[in-house]
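Here the structure of chain Z is known, so what remains is to put chain W in place on it, guided by the hints.
As given, the protein sequences belong to chains Z and W, one line each in that order.
Take the first sequence: its position 279, counted from the start at 1, is 279 in the working numbering, and no numbers get skipped.
Take the second sequence: its position 84, counted from the start at 1, is 84 in the working numbering, and no numbers get skipped.
Derived by calculation from the structure, the hints in this document are not laboratory data.
Treat the hints with care, as some may be off.
List of simulated lysine-lysine pairs, BS3-like, C-alpha gap at most 25 Å [stated by the list, open to error]:
1) Z/Lys264 / W/Lys201
2) Z/Lys260 / W/Lys268
3) W/Lys59 / Z/Lys260
4) W/Lys74 / W/Lys12
5) W/Lys274 / Z/Lys200
6) W/Lys201 / Z/Lys260
7) Z/Lys70 / Z/Lys200
8) W/Lys59 / W/Lys90
9) W/Lys90 / W/Lys126
10) Z/Lys264 / W/Lys244
11) W/Lys86 / W/Lys107
12) Z/Lys281 / Z/Lys294
13) Z/Lys261 / W/Lys107
14) Z/Lys64 / Z/Lys305
15) W/Lys126 / W/Lys107
16) Z/Lys261 / W/Lys268
17) W/Lys268 / Z/Lys237
18) Z/Lys237 / W/Lys266
19) W/Lys90 / W/Lys107
Next come the chains, spelled out residue by residue.
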Amino acid sequence: MALLRLEDVTKVFRTGLFGGQEIRAVEDVTMEVKEGEIVSLVGESGSGKTTIARMILRFYRPTKGRIYYKGRDVWRLRGDEVKWYYSEVQGIFQDPYSSFNPIHRVERILYKTLHHFHPSLGGRGVEERIREAIERVGLHPGDVLGKYPHQLSGGQLQRLSIARALLVEPSLIIADEPVSMLDASTRIDVLNIFADLRDKEGLSVLMIGHDILLANYVSDRVVVLYKGNIVEEGPAKPVFVNPLHPYTGMLLESIPRLDKKWEKRLEEKAEEEEYTAYRLKGCRFAPRCPAARKICFEAKPPTLKLEERSVACWIYSDYGEKS
Amino acid sequence: MREEVLRVDGLKVWYSVGGSYVKAVDGVSFTVYRGEVFGIAGESGCGKSTLVSSLVLLKPPMRHMGGRALFHGKDLFSMSGEELRKIRYKGISIIPQFALDALSPTKRIRDIILDLAAVHEPNLTKREVLERAEERLRLVSLSPKVLDMYPVELSGGMRQRAVLVVSTLFNPELLIADEVTSALDVTTQRVVLELLLEFLKAGIIGSIVAVTHDIASLYQIADRMMIMYAGKVVEIGPAEELVKRPRHPYTQALISSIPSLGVTYKEKRLSGLKGSPPNLRDPPPGCRFAPRCPYAFERCGEEPPAVELGGGHVFYCWLGVR
Numbered sequence: 001m002a003l004l005r006l007e008d009v010t011k012v013f014r015t016g017l018f019g020g021q022e023i024r025a026v027e028d029v030t031m032e033v034k035e036g037e038i039v040s041l042v043g044e045s046g047s048g049k050t051t052i053a054r055m056i057l058r059f060y061r062p063t064k065g066r067i068y069y070k071g072r073d074v075w076r077l078r079g080d081e082v083k084w085y086y087s088e089v090q091g092i093f094q095d096p097y098s099s100f101n102p103i104h105r106v107e108r109i110l111y112k113t114l115h116h117f118h119p120s121l122g123g124r125g126v127e128e129r130i131r132e133a134i135e136r137v138g139l140h141p142g143d144v145l146g147k148y149p150h151q152l153s154g155g156q157l158q159r160l161s162i163a164r165a166l167l168v169e170p171s172l173i174i175a176d177e178p179v180s181m182l183d184a185s186t187r188i189d190v191l192n193i194f195a196d197l198r199d200k201e202g203l204s205v206l207m208i209g210h211d212i213l214l215a216n217y218v219s220d221r222v223v224v225l226y227k228g229n230i231v232e233e234g235p236a237k238p239v240f241v242n243p244l245h246p247y248t249g250m251l252l253e254s255i256p257r258l259d260k261k262w263e264k265r266l267e268e269k270a271e272e273e274e275y276t277a278y279r280l281k282g283c284r285f286a287p288r289c290p291a292a293r294k295i296c297f298e299a300k301p302p303t304l305k306l307e308e309r310s311v312a313c314w315i316y317s318d319y320g321e322k323s
Numbered sequence: 001m002r003e004e005v006l007r008v009d010g011l012k013v014w015y016s017v018g019g020s021y022v023k024a025v026d027g028v029s030f031t032v033y034r035g036e037v038f039g040i041a042g043e044s045g046c047g048k049s050t051l052v053s054s055l056v057l058l059k060p061p062m063r064h065m066g067g068r069a070l071f072h073g074k075d076l077f078s079m080s081g082e083e084l085r086k087i088r089y090k091g092i093s094i095i096p097q098f099a100l101d102a103l104s105p106t107k108r109i110r111d112i113i114l115d116l117a118a119v120h121e122p123n124l125t126k127r128e129v130l131e132r133a134e135e136r137l138r139l140v141s142l143s144p145k146v147l148d149m150y151p152v153e154l155s156g157g158m159r160q161r162a163v164l165v166v167s168t169l170f171n172p173e174l175l176i177a178d179e180v181t182s183a184l185d186v187t188t189q190r191v192v193l194e195l196l197l198e199f200l201k202a203g204i205i206g207s208i209v210a211v212t213h214d215i216a217s218l219y220q221i222a223d224r225m226m227i228m229y230a231g232k233v234v235e236i237g238p239a240e241e242l243v244k245r246p247r248h249p250y251t252q253a254l255i256s257s258i259p260s261l262g263v264t265y266k267e268k269r270l271s272g273l274k275g276s277p278p279n280l281r282d283p284p285p286g287c288r289f290a291p292r293c294p295y296a297f298e299r300c301g302e303e304p305p306a307v308e309l310g311g312g313h314v315f316y317c318w319l320g321v322r
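Bound-form chain Z, shown alone:
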């Protein structure tokens, strides 16, 4: 059974003066995270990836659809069940500088979290747990204890936010762009922490990000989102080596690489207006897609499933099993 399962999750935001405009920021998203795996939700700005993270963490209520954790509907938890949920599922966010109360020292920040979830723990036990959590993320307790958040670097702070999440002993971490504000030379070590914890302790991670290269480095599976729709998903390697959706292909072609220079110019139609794609009846990528046909603008593409992979694109409409 999947640890986390999203079923037809949709989130509609209203904008405009009288809420007259609807933005379907997330539309009919169905996906899973299994035990002991790292799944990356990859997409650019406006893809709905952060909205999905917030719905899982119970910050936004889905307009439609259900989110199940260990078979229980996350949005129907009551009272103590909510606390149980957060002891199982912890969030880590993009900006480590604003994730900590600036007036408290590191040990107090960590103690508060520990005390909230394990109020009976006291004395030496507390100190040991805090030191152990700091060591688990590759920091030396001596370097960070006694310091205020502003005295630490972004990389140290992001490790500490992982340490804080680990104190709770969660089974699943929802990490929303955990490395995008860090320097390139410190990113990889934060990803290594997640992968080490997965391999040694069976932790599951849903990592949300825009960098498909980093997603591929650390993930078991990748889900590619475009303007609220899943366009492709599957095990990381095959998606990366042989992308099926034109959007995934474009993402991969646009990655700046150190082993190869871009050759010809990227084939892309310029977007004319930011929000028009959300109003399309058909594929939301169609306005930018070099392979778009008439049908792409008129109807939602079918999702084709091939073994462990799936792709939603009209190119494949003549093949295989449809859902």
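Below, chain W alone, put in the same frame as chain Z:
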């Protein structure tokens, strides 16, 4: 002989903060030639943005503490305000960091352009200015309708293209592009970088200084690259050479921390750089990377020498003379 456009020589720009100095740019030298893309890369706090913004507008708490920056032989740091104002946009133009928010929100793009033209290109008629603007907008695949729009009506990618048009409208000899693509999605990033190159090829821009934390995207467009660490230059060279055969341990660490296409944790565990950059109020003597360098030895406590490798490839490190 290549024509020198900008020669920076031993430049020091410090921040005066509460009675002490933060040595953000501390003795930096390099030359930019006509027709090239010169890339400056480094991580947060290395001084790259301070360096280029001091060339355009030195303002407190920034302080010029030494060295020169010769633009066509004239020192930018000894020019009067009036002289500098004349150079802006036509001589040196900058797309500053966070340029997406740099356009005045209460003016239509048309008015932003006309106001700039009135100051920097007073000989052109309104009509000539707008015709040029329309032509440039077409070059970046924006419709002339954009002229009648407010900046907030444009998406990130469209706005960055509009900023490119505005900042190069008067054909600058040198365009400084500071982190122009870091807030953009990868697909848009590529489009904007390719447009920069197109503007250079078309002769709209004379030379480009591109500043970024993203060495891989810089490699795509730069002819030569300079790597900075903690206020100092650690390595300069032709982009190809520097990326394929980096010699400074910091450049090596920076490059190896970026996964190449298809590298995975399961097959090859990469490792990042340990530790953090030094406090620039009180940097370590000698090589500033030494405290994090796996190869550091005693000599690193002294100012590292410039080691020339030929072809303009230089690195500053004691390992080169051992």
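Results for each hint:
A hinted pair counts as satisfied when its Cα atoms are at most 25 Å apart, and lysine 264 of chain Z with lysine 201 of chain W qualifies at roughly 15 Å. The hinted pair formed by lysine 260 of chain Z and lysine 268 of chain W meets the criterion: a straight-line CA distance of about 20 Å does not exceed 25 Å. Among the hinted pairs, lysine 59 of chain W with lysine 260 of chain Z is inconsistent with the structure: their alpha-carbon atoms are about 40 Å apart, more than 25 Å. Between lysine 74 of chain W and lysine 12 of chain W, the direct Cα distance comes to roughly 17 Å. Compliance with the 25 Å bound is thereby established for this hinted pair.
For the proposed pair lysine 274 of chain W and lysine 200 of chain Z, the alpha carbon gap of about 22 Å is at most 25 Å, so the pair holds. A hinted pair counts as satisfied when its Cα atoms are at most 25 Å apart, and lysine 201 of chain W with lysine 260 of chain Z qualifies at roughly 21 Å. Restraint check: the Cα-Cα separation between lysine 70 of chain Z and lysine 200 of chain Z comes to about 21 Å, which is no more than 25 Å; the hinted pair holds. A threshold of 25 Å between alpha carbons decides the hint, and for lysine 59 of chain W with lysine 90 of chain W the separation of about 21 Å falls inside it, so the pair holds.
Taking the CA atoms of lysine 90 of chain W and lysine 126 of chain W, the gap is near 18 Å; set against the 25 Å cutoff, the hint holds. This hinted pair checks out: lysine 264 of chain Z and lysine 244 of chain W have alpha carbons roughly 22 Å apart, not beyond 25 Å. Taking the CA atoms of lysine 86 of chain W and lysine 107 of chain W, the gap is near 23 Å; set against the 25 Å cutoff, the hint holds. At roughly 12 Å between alpha-carbon atoms, lysine 281 of chain Z and lysine 294 of chain Z fall within 25 Å of each other, so this suggested pair holds.
Of the pairs offered as hints, the one joining lysine 261 of chain Z and lysine 107 of chain W is violated, with about 39 Å between alpha carbons and a cut-off of 25 Å exceeded. A C-alpha spacing of about 24 Å is found between lysine 64 of chain Z and lysine 305 of chain Z, which places the hinted pair at or below 25 Å, so the restraint holds. A threshold of 25 Å between alpha carbons decides the hint, and for lysine 126 of chain W with lysine 107 of chain W the separation of about 17 Å falls inside it, so the pair holds. Proposed proximity of lysine 261 of chain Z and lysine 268 of chain W is supported: the alpha carbons are some 23 Å apart, at most 25 Å.
About 14 Å separates the Cα atoms of lysine 268 of chain W and lysine 237 of chain Z, which keeps this hinted pair within 25 Å; it holds. A hinted pair counts as satisfied when its Cα atoms are at most 25 Å apart, and lysine 237 of chain Z with lysine 266 of chain W qualifies at roughly 11 Å. Of the supplied pair hints, the one linking lysine 90 of chain W and lysine 107 of chain W holds, its CA atoms being roughly 22 Å apart against a limit of 25 Å.
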